[in-house]
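Sequences and hints are given; from them, build the entire structure.
Quick note on the working numbering: the sequence shown kicks off at 1 and runs consecutively.
I should point out that these hints are in silico values taken from the structure, not numbers from a laboratory.
Among these hints, one or two may not hold up.
What the hints assert, rightly or not - Here are the computed lysine-lysine pairs in the DSSO-like style, where the Cα-Cα straight-line distance is at most 27 Å: (1) 232 x 276; (2) 246 x 274; (3) 196 x 341; (4) 196 x 232; (5) 193 x 222; (6) 222 x 246; (7) 281 x 292; (8) 309 x 193; (9) 274 x 292; (10) 255 x 232; (11) 321 x 292; (12) 123 x 136; (13) 193 x 281; (14) 309 x 274; (15) 255 x 196; (16) 232 x 341; (17) 321 x 226; (18) 341 x 321; (19) 246 x 321; (20) 189 x 232; (21) 222 x 309; (22) 276 x 246.
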Amino acid sequence: MNKLWAVFRSYPYISNVVGYTTLFATADLIQQSLLEGAHGQSTQVNGKSFEQEASVTSQEEETVAHLKDYQWSTLSAEKKDSSVMMTSVPVHSIDWSQTFRVALVGLCFHSNFNYHWLRALEKTFPGGGSKKIFVKVLLDQLFAAPVTISAFYIGLSALERRDDPLEDWKNKFWTSYKGVDIRHNKDRKVHRKEPKSQDIYLRLLVKLYRFLARRSDAPFNKVILKRLFMSKTNRPPLSLSRLIRKMKLQGRENKTAVVVGTITDDVRIQNIPKLKVCALKVTAGARRRILKAGGQVMTFDQLALAAPKGQGTVLLSGPRKAREVYRHFGKAPGTPHSHTKPYIRSKGRKFERARGRRASRGYKN
Numbered sequence: 001m002n003k004l005w006a007v008f009r010s011y012p013y014i015s016n017v018v019g020y021t022t023l024f025a026t027a028d029l030i031q032q033s034l035l036e037g038a039h040g041q042s043t044q045v046n047g048k049s050f051e052q053e054a055s056v057t058s059q060e061e062e063t064v065a066h067l068k069d070y071q072w073s074t075l076s077a078e079k080k081d082s083s084v085m086m087t088s089v090p091v092h093s094i095d096w097s098q099t100f101r102v103a104l105v106g107l108c109f110h111s112n113f114n115y116h117w118l119r120a121l122e123k124t125f126p127g128g129g130s131k132k133i134f135v136k137v138l139l140d141q142l143f144a145a146p147v148t149i150s151a152f153y154i155g156l157s158a159l160e161r162r163d164d165p166l167e168d169w170k171n172k173f174w175t176s177y178k179g180v181d182i183r184h185n186k187d188r189k190v191h192r193k194e195p196k197s198q199d200i201y202l203r204l205l206v207k208l209y210r211f212l213a214r215r216s217d218a219p220f221n222k223v224i225l226k227r228l229f230m231s232k233t234n235r236p237p238l239s240l241s242r243l244i245r246k247m248k249l250q251g252r253e254n255k256t257a258v259v260v261g262t263i264t265d266d267v268r269i270q271n272i273p274k275l276k277v278c279a280l281k282v283t284a285g286a287r288r289r290i291l292k293a294g295g296q297v298m299t300f301d302q303l304a305l306a307a308p309k310g311q312g313t314v315l316l317s318g319p320r321k322a323r324e325v326y327r328h329f330g331k332a333p334g335t336p337h338s339h340t341k342p343y344i345r346s347k348g349r350k351f352e353r354a355r356g357r358r359a360s361r362g363y364k365n
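Here's what the structure looks like:
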């Protein structure tokens with residue numbers, strides 16, 4: 001026995017070929033015995049006979065890797081009197097040609113491939129540290145596993161002289177190679193593809209700018225289309241004072257201010273310059289003051305005719321975080337350096353007026 005072991009150690013290639021051939025042949029014999037032979041046997045349960053077929057295709061379905069996970073479940077009787085009788089597999093019922101084909105695949109491909117692949121891995125990453133072992137296993141699963149599984153299915157199909165040698169591989173490769181399925185029941189896309197509103201005029205504008213975004217390469221139309229989809233809280237109103245301040249910036253003279261939202265009046269502003277604006281909605285006061293100053297108010301369909309690619313325009317929007325509710329967001333109220341507004345019952349003397357609000361009570365933000 002020691003001499004035989006010494007011979008195997010002296011000739012690793014020969015021992016590798018013999019080992020893989022024996023492994024594949026033995027695995028196929030075990031599989032056939034577990035599947036109750038190649039030609040099917042009858043199993044008697046409660047006195048009834050059920051014919052179980054084990055075709056060549058069902059035998060090929062399991063590779064050597066599957067044998068580790070195979071569990072042979074026994075049939076349990078529903079009553080105490082019921083009996084289960086399993087017949088053993090006779091030697092003559094084993095498909096030896098099937099075993100020969102499996103062993104031939106292991107001899108011709110798997111033994112040679114694994115021998116050279118493992119030697120190459122050992123030369124590239126010598127040693128046995130935990131990091132190197134992890135890298136070797138990862139590379140083996142990413143590159144070697146698909147090759148060996150594919151070779152097994154294609155090799156068996158070729159030896160069986162199938163019309164399409166790739167048919168088995170197409171049907172069984174991913175079921176053999178895939179890992180644990182990802183849970184998709186809570187996956188969802190949260191970007192809008194159309195507006196929630198049923199306003200027919202808004203939807204007509206969506207049709208118009210969807211066409212312009214598709215037919216032109218200008219990013220302006222894509223931005224307008226995306227903003228038309230947005231909710232009302234993401235299309236905040238823009239005041240006349242902010243509009244004037246933004247249009248006074250250098251390089252924006254004689255340009256059209258485009259607002260996908262509402263333009264509101266601001267009574268604090270006394271003098272209105274001449275403005276050219278386009279918006280979904282302009283309040284009556286703002287419209288009257290803009291037109292009185294010699295300006296122009298356009299709709300989006302008029303803008304599409306005047307500037308189909310957005311030339312000579314300035315895209316503006318209102319402050320999205322100006323709503324009162326945003327004052328309650330942020331660091332928890334009462335913690336150091338927090339200026340978040342708390343939700344309280346009353347703003348009286350006895351409600352959250354001590355720690356964090358006065359320097360004499362711990363600290364003051």
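Hints, verified against the model:
no.	hint	verdict
1	232 x 276	holds (24 Å)
2	246 x 274	holds (13 Å)
3	196 x 341	violated (31 Å)
4	196 x 232	holds (10 Å)
5	193 x 222	holds (12 Å)
6	222 x 246	holds (22 Å)
7	281 x 292	holds (18 Å)
8	309 x 193	holds (21 Å)
9	274 x 292	holds (9 Å)
10	255 x 232	holds (26 Å)
11	321 x 292	violated (31 Å)
12	123 x 136	holds (11 Å)
13	193 x 281	holds (22 Å)
14	309 x 274	holds (24 Å)
15	255 x 196	violated (31 Å)
16	232 x 341	holds (24 Å)
17	321 x 226	holds (19 Å)
18	341 x 321	holds (14 Å)
19	246 x 321	holds (18 Å)
20	189 x 232	holds (20 Å)
21	222 x 309	holds (10 Å)
22	276 x 246	holds (13 Å)
Of the hints listed earlier, those the structure fails to meet are numbers 3, 11 and 15, in rising order.
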